[in-house]
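Visitor: The residues making up each chain are set out below.
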Amino acid sequence: MIHFDKVMKEYPASGRVLHDINIKIQPNEFVSIVGQSGAGKTTLLKLLLAEERPTEGIVFIEDANINKLNRRDINSLRRRIGSVFQDFRLLPYKTAFENIAFAMEAAGRSDQEIASDVPHVLDLVNLGDKMMNFPHELSGGEKQRVAIARAIINQPDIIIADEPTGNLDPISTNEVIQILQKINDLGTIIILTTHNKGVVDILGRRVITIDQGRVVRDDEQGRYSL
Amino acid sequence: MWTSIKRVGKAGFVNFWRNGFVSLASLSVMTVTLLIIGVTIFFSALLNSSLEQLKNKVDINVYFVTSAPESDILALKKDIEALPEVKSVEYLSRDDVLNEFKGKHADDELILQAFDELGDNPLGATFNINATDPSQYESITKFVEDKTGQAGAASIVRKVSYHGDKKEAIDSLTNFITSSKRIGSLIITLFIFISVLITFNTIQLVIYSSREEISVMRLVGASMTYIRGPFMVTGIMYGIIAGIISLFALYLVALYLGPSTTLFFGGVNLASYYLSHFPLVFMVIVGGGVALGAVSSFLAVRRYLTI
Numbered sequence: 001m002i003h004f005d006k007v008m009k010e011y012p013a014s015g016r017v018l019h020d021i022n023i024k025i026q027p028n029e030f031v032s033i034v035g036q037s038g039a040g041k042t043t044l045l046k047l048l049l050a051e052e053r054p055t056e057g058i059v060f061i062e063d064a065n066i067n068k069l070n071r072r073d074i075n076s077l078r079r080r081i082g083s084v085f086q087d088f089r090l091l092p093y094k095t096a097f098e099n100i101a102f103a104m105e106a107a108g109r110s111d112q113e114i115a116s117d118v119p120h121v122l123d124l125v126n127l128g129d130k131m132m133n134f135p136h137e138l139s140g141g142e143k144q145r146v147a148i149a150r151a152i153i154n155q156p157d158i159i160i161a162d163e164p165t166g167n168l169d170p171i172s173t174n175e176v177i178q179i180l181q182k183i184n185d186l187g188t189i190i191i192l193t194t195h196n197k198g199v200v201d202i203l204g205r206r207v208i209t210i211d212q213g214r215v216v217r218d219d220e221q222g223r224y225s226l
Numbered sequence: 001m002w003t004s005i006k007r008v009g010k011a012g013f014v015n016f017w018r019n020g021f022v023s024l025a026s027l028s029v030m031t032v033t034l035l036i037i038g039v040t041i042f043f044s045a046l047l048n049s050s051l052e053q054l055k056n057k058v059d060i061n062v063y064f065v066t067s068a069p070e071s072d073i074l075a076l077k078k079d080i081e082a083l084p085e086v087k088s089v090e091y092l093s094r095d096d097v098l099n100e101f102k103g104k105h106a107d108d109e110l111i112l113q114a115f116d117e118l119g120d121n122p123l124g125a126t127f128n129i130n131a132t133d134p135s136q137y138e139s140i141t142k143f144v145e146d147k148t149g150q151a152g153a154a155s156i157v158r159k160v161s162y163h164g165d166k167k168e169a170i171d172s173l174t175n176f177i178t179s180s181k182r183i184g185s186l187i188i189t190l191f192i193f194i195s196v197l198i199t200f201n202t203i204q205l206v207i208y209s210s211r212e213e214i215s216v217m218r219l220v221g222a223s224m225t226y227i228r229g230p231f232m233v234t235g236i237m238y239g240i241i242a243g244i245i246s247l248f249a250l251y252l253v254a255l256y257l258g259p260s261t262t263l264f265f266g267g268v269n270l271a272s273y274y275l276s277h278f279p280l281v282f283m284v285i286v287g288g289g290v291a292l293g294a295v296s297s298f299l300a301v302r303r304y305l306t307i
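These protein sequence lines are chains U and E, in that order. Each residue of the first sequence is one higher than the last, beginning at 1 in the working numbering. Each residue of the second sequence is one higher than the last, beginning at 1 in the working numbering.
Derived by calculation from the structure, the hints in this document are not laboratory data. All figures in this text were calculated on a predicted structure; none of them were measured in a lab.
Mimicking DSBU-like on lysine-lysine, the simulated pairs with C-alpha atoms at most 35 Å apart in a straight line are:
hint: 1; chain 1: U; residue 1: LYS68; chain 2: U; residue 2: LYS46
hint: 2; chain 1: U; residue 1: LYS130; chain 2: U; residue 2: LYS197
hint: 3; chain 1: U; residue 1: LYS94; chain 2: E; residue 2: LYS6
hint: 4; chain 1: U; residue 1: LYS68; chain 2: E; residue 2: LYS6
hint: 5; chain 1: E; residue 1: LYS6; chain 2: U; residue 2: LYS130
hint: 6; chain 1: E; residue 1: LYS10; chain 2: U; residue 2: LYS46
Far from chain E, some chain U residues (derived; all Cβ distances over 10 Å):
hint: 7; residue: ASP5
hint: 8; residue: MET8
hint: 9; residue: GLN26
hint: 10; residue: SER37
hint: 11; residue: SER116
hint: 12; residue: ASN133
hint: 13; residue: ASP185
hint: 14; residue: GLY204
hint: 15; residue: ARG205
hint: 16; residue: VAL215
hint: 17; residue: ASP218
hint: 18; residue: ASP219
hint: 19; residue: TYR224
Pair by pair, the computed Cβ-Cβ distance ranges are:
hint: 20; chain 1: U; residue 1: THR55; chain 2: E; residue 2: LYS10; range: 38 to 44 Å
hint: 21; chain 1: U; residue 1: LYS182; chain 2: E; residue 2: TRP2; range: 34 to 40 Å
hint: 22; chain 1: U; residue 1: LEU69; chain 2: E; residue 2: ARG18; range: 31 to 37 Å
hint: 23; chain 1: U; residue 1: PRO12; chain 2: E; residue 2: ALA249; range: 49 to 55 Å
hint: 24; chain 1: E; residue 1: GLY184; chain 2: U; residue 2: ALA115; range: 54 to 60 Å
hint: 25; chain 1: E; residue 1: PHE43; chain 2: U; residue 2: LEU69; range: 54 to 60 Å
hint: 26; chain 1: U; residue 1: THR55; chain 2: E; residue 2: THR3; range: 38 to 44 Å
hint: 27; chain 1: U; residue 1: LEU226; chain 2: E; residue 2: VAL295; range: 49 to 55 Å
hint: 28; chain 1: E; residue 1: PHE278; chain 2: U; residue 2: LEU69; range: 50 to 56 Å
C-beta atoms are modelled at their ideal positions from N, C-alpha and C, and glycine is treated no differently.
With the rest of the complex left out, here is chain E:
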């Protein structure tokens, strides 16, 4: 058993080496396929992250009057959080707001002095509300307004701010991103499909050129596994080597584009995304290559094993 495995492995390696030109061609085709898959991963990561960033930029701010009792504020928070369309409600107490304000103006002596002279904290508490979906903001705003409006003149809310104009811009961007994601994934699926098909066909052709060899092997009484094994080993080697080349190329691309992607798409740095998701990228690229090589060889040899 062990001898067979050793022989199959060795034969696969020797095939790979002696068919240098054919191996080079198969490797190139497979590398292109894997690169396309890798770029797809990057592309969707960038789009997802920029969409996420955009969504988080939209929020509703609720400003409370300074006299608003904390218990009422917390009760309102609970009510808002109970809404299914609300993702999160961040509550900043009066002290939090003051600290944040002071932190922002730490360099401005004048303002800090003014606060000290005032003695009392003039700022009210606030909510930052994030919705699960940008389209929900209007209904949430309305809900908050209705809810606090009922309290009449003694409303604890000073102002509910929600920028409709900002929303429109963000809405259209969101639409743009979602539709480009949809079109993009369609094109990419097509790309991946075509390149997988090309790789598959290349390997089929390589094995087609060995069909005589396969029939000779059958005639000297070699078993199916013994004939098929070396071809699969060669296919797997194409996958591993093409995978490693692609991983390296993708890393260079990520390194090169990293800083500009941070600026352009906001947040995500391609290089650090690559490193932090390396196990996944490795699995997809090298695993994909190995699977592609093994499966195409397996199927291609099967065709000539019928004698």
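Pulled out of the complex, with its shape left as it was, chain U reads as follows:
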């Protein structure tokens, strides 16, 4: 489903950050990518979102070489990928409801669909009563749940979660991971980058370890080890 084929990425300023990456991810997989800061995890995710292009090699999603997509196709690719970030990245002047509605509007969904789906997904992440709150009125865990709701609203094939628990307390971390697991159970690929040993070990799923831009371990049922 996702295939990094001999991918190399080089920045003019910082040199080579990814070397010869070969990863295949199948539908239904829940993959954790671990590694020290600066190992290249975020760059890998940026390549998948077509925010960056590889210097060498190809990134495939299904059969499409995503580096050859034009702007319009990149937009529709991004609608098939939900993303969740450590810093939440919600739109500050929109309510929880509007933040999620925005992703649906961008995908060209109708007002009726928005009116019925958004409350439903907010209920799923336990935020039914905070629909009309602005991000600054929500706690870190709540913000992250809004971000997850936004990521799943268009029923994406893939969810990219870049250190989603980095700013959260243990209870919120747990909630977020449980929600991600639930989404994965419904058939969505989850790609999670994290520094949290506990999270990776509890999951007991595939773990890819990256060190200095290279894949050094790839275990089907891995544990966090650096």
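Use these hints to put chain E onto chain U, whose structure you have.
Guide: Showing chain E alone in chain U's frame:
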């Protein structure tokens, strides 16, 4: 399509409303810009009209002898009109002059009586000649004098009057106005340029503060138009509202200064100028505001759409 337009419009309006303080700042800056442009329009209208008034005040009067045959007078008129530097020649026949004179002295019984007793009209016909440019008067005077001088003793012209002293005063005033217009327009152009730049930068800053938002919108797969649209709507709203505020403020200024401008600059009343030129003023002020808002938003957002 319609849904998108509706959503973009609504989002623009909501942005405007929720960013109240930022909107207020942008509105103020834009209002000042538009006011400067409006004052420029007034200023140049006043200067133009006073220059025009002054020019019209200078004329050459040609007085004909009473016995001058009308055909000769009309022939001379044709000759003078043929000169490129002549703007207009007004011909007042003997009867016209008499009527005008009587009209002026309608209250003076004595004079009117004297005319009646005289029986015959003692006044000769006259020309009022206006030149296209004040500097041309001397050559026109000379032309008329030469032309009628050739007729020798039997000249039909009694007198060509042209006040050199009046001309000098008017010349220096004209020079003053033209040079102040030149300096004025230079300063105003600079003002407009600076204030447009400030408005442009204010909007750039407003959008700079939204750059994170723009990148999030890109990441959820929103199209360029869908991201840019609301910002442009907000920019256009700044333009419309600032334009309306400026129009209103300018009207108050025009109303207040109207009577004194009539006295000082002669002729033009600022308030009536404003009303009679309202479509133009509206187009320039509101149109300018809308264009400024839309273009600056468009360019500012473009910078952050590269992801």
